[in-house]
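S.K.: Full structure from sequences and hints, please.
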Amino acid sequence: MQMETRLEVRLREPNALFTRWLERWLREAERRQQKSQFKLRQALESLKSYPLPLASGRDCSILRGFGGSLCQLIDEELRQHRGLQLVPREDKVQEHYEQQVQEVVRQVQEKQLVVQNKKVKPKKPTKKEQLELAALEERERQVEMNPGEFKLLLLVDTQETSGKNKRVLDQTRNYLESLGVRHEVRRLTIGDFLWIAQDQKGNELVLPHIIERKRMDDLASSIRDGRFHEQKHRLQQSGLRNIVYLVEDYGDNEQLGLPLDSLQQALANARVQTGIQVVRTENHYRSMSYLAGMGRSLGQIFASKRLYSVDRTDKSSCLLLDSQLGLLKFRALYEDSAKNAQLTVREVFVQQLLQLHSLSLERAMAIVERYPTPRCLLDAYEECTEPKQARLLLSGIPCGPLGRPLGEKISQCLHEFYTTQFR
1143 MQMETRLEVR LREPNALFTR WLERWLREAE RRQQKSQFKL RQALESLKSY
1193 PLPLASGRDC SILRGFGGSL CQLIDEELRQ HRGLQLVPRE DKVQEHYEQQ
1243 VQEVVRQVQE KQLVVQNKKV KPKKPTKKEQ LELAALEERE RQVEMNPGEF
1293 KLLLLVDTQE TSGKNKRVLD QTRNYLESLG VRHEVRRLTI GDFLWIAQDQ
1343 KGNELVLPHI IERKRMDDLA SSIRDGRFHE QKHRLQQSGL RNIVYLVEDY
1393 GDNEQLGLPL DSLQQALANA RVQTGIQVVR TENHYRSMSY LAGMGRSLGQ
1443 IFASKRLYSV DRTDKSSCLL LDSQLGLLKF RALYEDSAKN AQLTVREVFV
1493 QQLLQLHSLS LERAMAIVER YPTPRCLLDA YEECTEPKQA RLLLSGIPCG
1543 PLGRPLGEKI SQCLHEFYTT QFR
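With the first letter of the sequence shown counted as 1, position 290 gets the number 1432 in this note's numbering; the numbers rise by one all the way through.
Among the hints, erroneous ones may be present.
[Claimed, not checked] Lysine-lysine pairs mimicking DSBU-like chemistry, simulated, CA-CA at most 30 Å apart:
| id | residue 1 | residue 2 |
| --- | --- | --- |
| 1 | K1343 | K1269 |
| 2 | K1253 | K1266 |
| 3 | K1270 | K1343 |
| 4 | K1266 | K1343 |
| 5 | K1177 | K1190 |
| 6 | K1551 | K1530 |
| 7 | K1343 | K1447 |
| 8 | K1293 | K1343 |
| 9 | K1447 | K1293 |
[Said to hold, decoys possible] Distance windows between CB atoms, simulated:
| id | residue 1 | residue 2 | range |
| --- | --- | --- | --- |
| 10 | S1363 | P1267 | 44 to 52 Å |
| 11 | G1399 | Q1497 | 12 to 20 Å |
| 12 | N1384 | D1453 | 13 to 21 Å |
| 13 | H1426 | N1384 | 19 to 27 Å |
| 14 | G1399 | P1267 | 47 to 55 Å |
| 15 | Q1494 | R1454 | 21 to 29 Å |
| 16 | K1343 | E1274 | 16 to 24 Å |
| 17 | T1486 | H1426 | 32 to 40 Å |
Note that these hints are calculated values from the structure, not bench results.
Quick caveat, the model's predicted, so the values are computed rather than measured.
Just so it is clear, CB atoms sit at the ideal spot from N, CA and C, and this is done for glycine as well.
M.R.: The structure is reproduced here in structure tokens:
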């Protein structure tokens, strides 16, 4: 789409003849010290500033300083010079002006034509822009894998192969190698273990199974600092349908930081309320044996499947009995599950609620279903007619599969938290 160019034509001396007359009359008035010199000087300045040609003294009346006598004087002078054919007629003045306008237009058009015909080298994209473009194309490209064209590979998070004490060698890779498990160590943004289908072209699709491995003491620590609920929420938002908590005993399960009954109750709640599968093992080797056995089972199940890539928002069925399955790309899962990925206000609100005492994932989700953002909750508080009504606003919200109410105590705590002004 071409942009229209607006031309401004300005002649150098559109009224050169009238200017010479005024200059001559001004010199005579100054020499004779006549009062008319002030009007003449004002008229001369106005005439020089006017950009268009004037054909007569009457036309000059639109300018400042030109009174009736001065305009009449110009017309008389103009008639004398026309009689002597020293001045072109009005039509010739107009023709001369149009010729000058056409010449200016022609020059501008020639310059535009030169610019359009000039080959402008496109700006070379930076390395960062090239990588972003390649990543976008990779995410949008459709991937298909037929039976026999792919192999399964277990991905192990880098944190699973490095212990806190650098002198103590982590046994994860050694155990997996001794059990004959084909695996690779990578940085995962969610979970500790997952399986991918990998073809010869380098395409990678994620199987709908993800493992979060925790030792009993790690489980207690994550419950105390709130990471347990936050991790469950992120795992459920990943798009992978089969989530497994692989929990190892820590010696005799003593000195865990929390009572053993509390940890077992937390695992039972995760199993019943969120559908997460919980697998208990005696030690690290038993955990790796479980992964090896699960990998063999998945290999037998997926060997005859036709796999294709889908988006995270795709709600199509992913039953293992189907002959073809839609799976997420590994790059998409990696980027979307990163902790620093762009979150919605609703997701941030859930994570904020999970940091509060006694707020489980089920309770937080129940609150967000009723009030999707903190602003909605604050507006609801302001609409309450009495302080007591505001304090008990959330108490009756049903939570979890049993629909138990949130309770007055938690409702009052949330009201105090979100309405107290800190100074």
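S.K.: If a hint holds in the structure, say so; if it does not, say that too.
M.R.: Consistency of the hints with the structure:
no.: 1; hint: K1343 <-> K1269; result: holds, 24 Å
no.: 2; hint: K1253 <-> K1266; result: holds, 27 Å
no.: 3; hint: K1270 <-> K1343; result: holds, 24 Å
no.: 4; hint: K1266 <-> K1343; result: holds, 28 Å
no.: 5; hint: K1177 <-> K1190; result: holds, 21 Å
no.: 6; hint: K1551 <-> K1530; result: holds, 12 Å
no.: 7; hint: K1343 <-> K1447; result: holds, 18 Å
no.: 8; hint: K1293 <-> K1343; result: holds, 12 Å
no.: 9; hint: K1447 <-> K1293; result: holds, 12 Å
no.: 10; hint: S1363 <-> P1267: 44 to 52 Å; result: holds, 46 Å
no.: 11; hint: G1399 <-> Q1497: 12 to 20 Å; result: holds, 19 Å
no.: 12; hint: N1384 <-> D1453: 13 to 21 Å; result: holds, 19 Å
no.: 13; hint: H1426 <-> N1384: 19 to 27 Å; result: holds, 22 Å
no.: 14; hint: G1399 <-> P1267: 47 to 55 Å; result: holds, 52 Å
no.: 15; hint: Q1494 <-> R1454: 21 to 29 Å; result: holds, 23 Å
no.: 16; hint: K1343 <-> E1274: 16 to 24 Å; result: holds, 22 Å
no.: 17; hint: T1486 <-> H1426: 32 to 40 Å; result: holds, 38 Å
Checked against the numbered hints above, the structure breaks none of them.
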